[in-house]
Amino acid sequence: AQSVTQLDSQVPVFEEAPVELRCNYSSSVSVYLFWYVQYPNQGLQLLLKYLSGSTLVKGINGFEAEFNKSQTSFHLRKPSVHISDTAEYFCAVSDGGSQGNLIFGKGTKLSVKP
Amino acid sequence: GAVVSQHPSWVICKSGTSVKIECRSLDFQATTMFWYRQFPKQSLMLMATSNEGSKATYEQGVEKDKFLINHASLTLSTLTVTSAHPEDSSFYICSAAHRDATNEKLFFGSGTQLSVL
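So the protein sequences, as listed, match chains A and B. Under the numbering used here, the first residue of the first sequence is numbered 1, with each subsequent residue one higher. Under the numbering used here, the first residue of the second sequence is numbered 1, with each subsequent residue one higher.
Read the hints as simulated data drawn from the structure, not as lab findings. Here a beta-carbon is modelled for each residue, glycine too, at the ideal position from N, C-alpha and C. It cannot be assumed that every hint is accurate.
[Stated by the list, open to error] One-sided excerpt, in silico: chain B residues whose CB lies under 8 Å from chain A:
no., residue
1, V4
2, K41
3, Q42
4, S43
5, L44
6, L46
7, T49
8, K105
9, F108
10, G109
11, S110
12, G111
Extracted from the complex, chain A is given alone in its bound form:
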């Protein structure tokens, strides 16, 4: 069975600081990996995804993530955050057969302070 662990439930950072949101997964099969963002009172939006190919994936709003198969990780990074990045971030995994059947982590709440 697949599972996703987001190690930090909350991450407070100051504006313009770098940030890394951690995500580890477990799976016995090849996987697709995703990061979603949920702004207050809005639905989840896809930030980026890894399906195959280059292990460094660039997404929207300046975020990127690196797939590390040996460490079974897919950490999300941004070199300089803005106040508007304050949101909840979810890591998710699906098996190689479908991008729709997702297993989510518990989420990490990113709070960017001025």
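Since the structure of chain A is already known, use the hints to place chain B on it.
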């Protein structure tokens, strides 16, 4: 981009009543929609996969007679929580799969907070 509308955004009901939640894909046809539930401080858990014109596929541990899913058209899926009880209070989110020749993307509704008194 594609939009998924979910209504209502929040609902309070008495124990024993039924509540219907709608999920609409506004500018694309979705043959597959998904329903998730999120308890406080927990991850989103897939409840069921809804396929247009056929019966939904429920995840293990989800009561299909309690959580009725109807996907009668390519743009609408509904989740009805029947005879709701306080333990059904949760945040429910739907998503719709948009597929083209080369890609599949999920678009999420904004969720429904259900509180059962």
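To see whether the hints hold, each was checked on the structure:
no.: 1; hint: V4; verdict: 6 Å, holds
no.: 2; hint: K41; verdict: 7 Å, holds
no.: 3; hint: Q42; verdict: 6 Å, holds
no.: 4; hint: S43; verdict: 4 Å, holds
no.: 5; hint: L44; verdict: 4 Å, holds
no.: 6; hint: L46; verdict: 7 Å, holds
no.: 7; hint: T49; verdict: 7 Å, holds
no.: 8; hint: K105; verdict: 7 Å, holds
no.: 9; hint: F108; verdict: 4 Å, holds
no.: 10; hint: G109; verdict: 5 Å, holds
no.: 11; hint: S110; verdict: 4 Å, holds
no.: 12; hint: G111; verdict: 7 Å, holds
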